[in-house]
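The whole structure should be built from the sequences, with the hints applied where relevant.
From first to last, the protein sequence lines are chains A and B.
Take full-length UniProt numbering: the last position of the first sequence gets the number 420, and nothing is skipped along the way.
Take full-length UniProt numbering: the last position of the second sequence gets the number 165, and nothing is skipped along the way.
In short, the hints are calculated from the structure, not lab data.
Be careful, since some hints might not be right.
[Stated by the list, open to error] List of simulated lysine to aspartate or glutamate pairs, EDC-like, C-alpha gap at most 20 Å:
id : chain 1 : residue 1 : chain 2 : residue 2
1  : A       : Lys185    : A       : Glu306
2  : B       : Lys85     : B       : Asp121
3  : B       : Lys159    : A       : Glu152
4  : A       : Lys156    : A       : Glu23
5  : B       : Lys48     : B       : Asp121
6  : A       : Lys48     : B       : Glu143
7  : B       : Lys85     : A       : Glu279
8  : A       : Lys74     : B       : Asp121
9  : A       : Lys74     : B       : Glu32
10 : A       : Lys71     : B       : Asp29
11 : A       : Lys44     : B       : Asp53
12 : A       : Lys48     : B       : Asp29
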Amino acid sequence: MPMTITEKILAAAAGKDYVKPGELINAKVDLVLANDITAPVAIKEFEKIGLPGVWDKERVALVPDHFVPNKDIKSAEQAKMVRDFAHKQELTHYFEVGRMGIEHCLLPEQGLVGPGDVIIGADSHTCTYGALGAFATGVGSTDLAAAMALGETWFKVPESIKFVFNGKLNPWVGGKDLILYTIGKIGVDGALYRAMEFCGEAIEQLSMDGRFTMCNMAIEAGGKNGIIQPDEITRQYVEGRTKRPYTFYTSDPDAQYAEVHEFDVSKIEPQVAFPHLPENARSIREAGNVEIDQAVIGSCTNGRMEDLRIAAQVLKGQKVNRRVRLIVIPGTQEIYRQAMHEGLFDIFLEAGAAVSTPTCGPCLGGYMGILAQGERCIATTNRNFVGRMGHAGSEVYLSNPAVAAASAITGRISHPEEVL
Amino acid sequence: MKLQGKVWRFGNDVDTDIIIAARYLNSSDPAELAQHCMEDADPQFSSKVKTGDIMVAGKNFGCGSSREHAPIAIKAAGLSCVVAKSFARIFYRNAFNIGLPIFECPEAVEEVKEGEELTVDAATGKIINHTTGKEYQAAPIPEFMSQIIDAGGLISYVKGRVNHA
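In structure tokens:
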């Protein structure tokens with residue numbers, strides 16, 4: 001029977017030859033993940049089960065990245081609980097401040113996720129790893145606790161939607177624009193309970209970083225997972241990096257899809273998602289005159305090396321508008337070091353930007369860049385819900401790093417062509 | 001179990017940041033989370049809600065973050081259940097796992113108004129609007145989810161499995 005890549009990975013993890021959408025299965029997981037917000041709740045639930053230890057010390061990753069370096073005493077208590085648990089359980093993959101990064105940038109970089117894996121994480125953007133041809137999805141803390149005990153979890157096999165991106169990308173258009181455009185077309189519940197499979201000529205030419213960005217935001221359309229078939233670009237990324245053996249799965253040509261959408265990317269301009277939902281995406285040429293107070297370049301969506309290079313390309317020799325704060329956040333320590341060696345920090349600092357240690361802080365209104373009432377921010381992050389980055393009366397606009405950098409220079413939402 | 005209370009209405013795509021803003025996630029204490037439930041939509045919400053009250057909302061309820069703090073905040077605020085047109089999938093799973101009853105019933109959501117009195121039969125999914133006298137039927141709960149509820153939640157279910165291993 002023909003299957004999609006998502007169905008094949010789930011069938012293998014469930015020890016079956018074949019699964020079909022709607023079927024409930026128990027599947028082995030290759031890695032489970034939690035952060036400093038979700039792990040404390042998971043640890044409390046795990047302790048109720050009464051087992052002395054987790055199912056596998058090598059396969060539980062804990063990444064404190066939301067409120068660290070600790071922003072206040074309560075955050076410090078949460079981070080300490082995660083740290084104490086990691087040390088007591090002798091977990092291999094616990095990442096302390098100074099060695100850590102934003103979880104979804106860090107895990108692929110460290111080779112902890114690979115093609116064909118089944119991964120659950122107590123963070124909705126766990127779907128990022130679909131970019132490597134893995135089945136990865138977000139769950140809550142209790143589900144995570146159960147998987148820490150059993151090394152498996154239950155899934156309803158999702159139907160798949162196929163998104164085919166034909167043609168060549170326009171200048172300044174990347175993975176972020178393709179996914180914002182897609183969410184704009186299908187809506188924030190357009191892929192509810194379903195797998196989003198991205199393919200076509202434009203995806204085949206997309207860098208690994210651009211693919212991570214696309215799969216990262218599958219959840220913003222309600223998707224259970226985002227996924228891209230692994231290819232030569234995937235192989236180059238995982239070779240010498242991914243620690244466990246991996247398998248390249250591909251969809252059968254006659255696999256069944258609930259829907260198929262085809263887009264001509266040559267018609268897609270850089271996108272901006274207006275408040276207060278990611279589906280409010282429009283072409284930057286239709287953005288109008290939107291003045292901004294802050295720009296944020298970073299997050300698990302766009303805090304990777306390619307993103308920082310693009311931002312630097314726009315900011316080189318330029319100055320951030322005097323009314324604007326620009327905050328740049330490399331996704332991991334390795335990205336931080338690389339950006340430093342390439343001289344990108346000189347460009348950011350000379351432009352008047354603040355450069356931060358890796359953190360999820362501003363993306364979720366945690367700390368570092370909170371907005372006051374009435375303020376507007378353009379951000380390369382993934383959500384622009386009411387109050388997402390601070391006051392309920394503030395606004396977040398989502399874009400790619402080039403648009404965020406250009407907007408920081410002009411002080412209003414701008415196409416990179418305006419400043420170059 | 002019969003769930004009964006006054007209706008609090010919200011729109012489509014109620015996200016997890018509205019249910020409980022991330023600025024309060026430096027705590028996982030249910031009582032503390034309850035105080036800030038729905039704060040950015042209605043700052044007085046937590047003080048107005050009475051035990052047993054019912055939240056009614058449109059499509060894609062609970063979209064956004066995986067934070068289990070969201071259903072915990074709703075439950076701890078005293079709400080007995082949520083009736084919506086549809087739920088985001090992580091929220092759906094979390095609600096069952098922590099024991100917050102939720103029901104999908106687009107027909108009821110179309111007609112029920114804020115302040116009306118509802119009874120929801122948790123076992124059958126039958127919804128009665130006492131203000132208008134109309135009855136609705138929510139989508140049945142999948143059998144596997146019922147097993148988790150019957151076991152006393154996911155952790156008790158897993159505990160049972162571990163002890164039998």
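Structure-inconsistent hints, enumerated in ascending order: Going through the list in order, the structure violates hints 1, 5, 6, 8, 11 and respects the others.
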